[in-house]
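Colleague: Residue-level listing of the chains:
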Amino acid sequence: MSTENYSAAGEVSQVRTRRTWLHRMWIGLRKAPLTAWFGMIIILGYLICMLFAPWIAPHGEAQVFAIPYAEWSETHRLGTDQLGRDIFSRLIFGARNTVGIALLTTLLSFFIGGGLGLIAAINRSWLDQIISRVVDVLLAIPSLIFALMLLAAVETTTPTWSIIKLIIIIAVLDSTRVFRLTRAVALNVVVMDYVEAARLRGEKLGWIMRREILPNIMPPLVAEFGLRFSFVFLTIAALSFLGLGIQPPTADWGTMVRELSTFVNYLNFDLRLGLLAFIPGGAIALLTVAVNFVVDWFLHQTSGLRDEH
Amino acid sequence: MSTKSDLLLDMRNIEIEGFSDERWHPIIKGVDLSLNRGEILGLIGESGAGKSTLGLAAMGFARPGCRITGGQIMFDGRDLRSLKEPEKRKLWGSRIAYVAQSAAASFNPAHRLIDQTIEANLIKGLKPAKEARDDAIELYRALQLPDPEKIGFRYPHQVSGGQLQRVMTAMAMATRPDLIIFDEPTTALDVTTQVEVLLAMRNIVEQFHTAAIYITHDLAVVAQMADRIKVLRYGEQVEEAETRRMLSDPQEAYTKSLWSVRSIQKEESTSDDYVLELEGIDAAYSRSLKVLKDVNIKVPRGRTVAVVGESGSGKSTTARVITGLLPPSTGSVRFNGQPLPAALKDRNLDQLREIQMIYQMADTAMNPRQTVAEIIGRPLEFYHNMTGRKKEARLSELLKMIELDDSFADRLPSELSGGQKQRICIARALAAEPDLIICDEVTSALDQIVQEGILNLLLNLQKEFGISYIFITHDIATVKAISDEIVIMFQGEVVEQGLKSEILSPPHPDYTQLLLSSVPEMDPDWLDNLVADR
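Which chain is which? The protein sequence lines are B and U, in order.
Mapping of the first sequence onto this note's numbering: residues 1 to 309, in sequence order.
Mapping of the second sequence onto this note's numbering: residues 1001 to 1534, in sequence order.
It is possible that some hints are incorrect.
[Stated by the list, open to error] DSS-like, lysine-lysine: derived pairs with alpha carbons at most 27 Å apart:
no., chain 1, residue 1, chain 2, residue 2
1, U, K1463, U, K1480
2, U, K1390, B, K204
3, U, K1124, U, K1088
4, U, K1029, U, K1088
5, U, K1084, U, K1127
6, B, K204, U, K1345
7, U, K1391, B, K204
8, U, K1391, U, K1463
9, U, K1150, U, K1130
Calculated from the structure, these hints are not laboratory results.
Only a predicted model underlies this, so the values are computations on that prediction, with no experimental measurement involved.
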């Protein structure tokens, strides 16, 4: 009879080799293209600057020296600015402030947008309608102008509060895009039988969000995190350039571009001085490019459209 | 039907490997396949046997992540393995065609059917558009599609699944290929539709004297279609013979096991103690879309009620009403004699625990990111507050019940076979210690032998724990094997309801008759006889 030589445990199934998390990552990295490696090395460099700024930088962030507009020299690698602060040191501290604040903002915007997106996807009723329409309205207003408006409207007294204000406003505005994406990808998972099974079991919303859906939508969210980080980073730099972002004496690249851009007028007389503004500007551009390289590779990895072997 | 001399396809010692887990694994281990002009070869085996891979290799094609590493593929005197990609592409779609399992997923929803049907002719420059269109209409007629003049001008979503599968066959036939590869073309269809599609496909292949490779896991279907049958297992050939000889006199033990008609027979019994009673249930998805009309179903304790019907008959909706996902507009649900709150959110933990569900596609019923231990462990901690040692002990007990062992605990769903996945789903339901389990087409995606194992398991569990089942299915053989009572549904209404023996013996109402007669049988003359009867 048919069941004689049949055993459930003996059915053919493919068990993957048990590998450590590190080993799996190494396998992935080995196949990464040059652009991704380039991106990762750049990001690593920025991270080191961020974390060890006080030790790397030769001078203090807001330390003022006697001579403004100093020449490039041993003590001041890139000279000093209009107040006599060391530009090289401010560049390194700028990594900490600009990148750190952008990172915090992006995290917050993912927390808000991702959370609401998941709730909307699971709920699919009036709540989804309300959140989605509010998001539509927010998206309809050009975000930089809206941010300018809100930043000007809300009064703050101390520098700390002004940074918190900046983070919250940008995060909320940016979370609308995260909401859209999260809701869209979560909708594909919500219809799966295992989510229905969890619902039938009587699981609470939080469990379904965290345990059933979130792990299955991580890849697009991680990729989006990289991209959103780039945009937030650019927005903050732009706001600082306009004077509404991070306030001096805190060093940040957007403000530095604005301050150093006045030297562009001297381009005919002193090339080094005239091009100074391009250094913080280049730092902004380089990080954006690097993050995009890594995100591209990551998306390619997880999209499941890999033909080559 | 076939002329022996005229060899069309000759594959020798084919070896194919697939890439996974950072290594190349053999999928096909040296299989020969030959096919004459106008001949139909049935390729049969369990999932993972390599039948689709072999079928595609007949086109000289390997799926992404696969590679053909050895052997020779001679198609009409040309060696496909040595042909360059552009030359192969010239053959594909014109002289070799492929019909996929899911027609719905294979059509472009944005184009009319007829434009897609004649596309190959236009791209290859074989026929002018006007001529190709007229020809397509002829093909629609030959395939017995309703209104052949106009159906081509509809979009894919405007025709039924069976019709779509026939249009796809027309698309494959449009260039009059020498060889068509059918990859499980009727698996996704209802039995009543399947008959029409099978008949249409067989007629047209005969009419144009086209050779075909018919890939399926359904023996009864292949018996109707094929001249010869080849059985594959683990990437190797088990046996090959003429259909009639293969059916009457299989040589290998494995083939015999496939051929033995399902051996499970349940003695029907009934009881007056009802675990679940549905009374006068009406349900609708929106105000206009009424899906259930006055449904009354009673489930005796410790017995199995099979709910039978084709897709759209309301059987899955009935399950949604019972589980509380779709509160009915009128009518009541009583569970263990007590009224059950209509909506899921009004039910308490015990009420939730007592009704469990097992799904058709075990793949989507388990979170791909959770291990077996997490999947089965969750109901244990959720309903029974088990943790630590106690939970582990119970987990290993449950794994034993479903005939697996502790080594499976840390596997992910993707590391399980189809049958093992379904067993894990059963264990998850059992972990709750329910009174009633709703089984929604739980065996229809599985191979014959595996199905039998699962059904036996369910029957044993019923004997041991007195669980009641509602078994939703469209497969009559399954119904015969497992049920005590049968409910036949059609368009949201219960057509017939009663003990298995009563329902399955004549006289039948019209619909029951149609349903029962559409179930393919092993007899190779079944389809011809059916046509003669109707």
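Colleague: It remains to establish, for every hint, whether it holds in the given structure.
Modeller: Consistency of the hints with the structure:
A hinted pair counts as satisfied when its Cα atoms are at most 27 Å apart, and K1463/U with K1480/U qualifies at roughly 17 Å. Between K1390/U and K204/B, the direct Cα distance comes to roughly 24 Å. Compliance with the 27 Å bound is thereby established for this hinted pair. Only pairs whose Cα atoms come within 27 Å are accepted, and K1124/U paired with K1088/U is accepted, the gap being roughly 13 Å. At most 27 Å may separate the alpha-carbon atoms for a hinted pair to count; K1029/U and K1088/U meet this at roughly 24 Å.
For the suggested pair K1084/U and K1127/U, the alpha carbons sit about 25 Å apart, so the restraint of at most 27 Å is met. A threshold of 27 Å between alpha carbons decides the hint, and for K204/B with K1345/U the separation of about 10 Å falls inside it, so the pair holds. Simply put, K1391/U and K204/B have alpha-carbon atoms about 21 Å apart, close enough for the 27 Å limit, and the pair holds. Restraint check for K1391/U and K1463/U: satisfied, since their Cα atoms lie roughly 25 Å apart, inside the 27 Å limit.
For the hint pairing K1150/U with K1130/U, the CA-to-CA distance comes to about 15 Å; that is within 27 Å, so the pair holds.
The structure agrees with every numbered hint stated previously.
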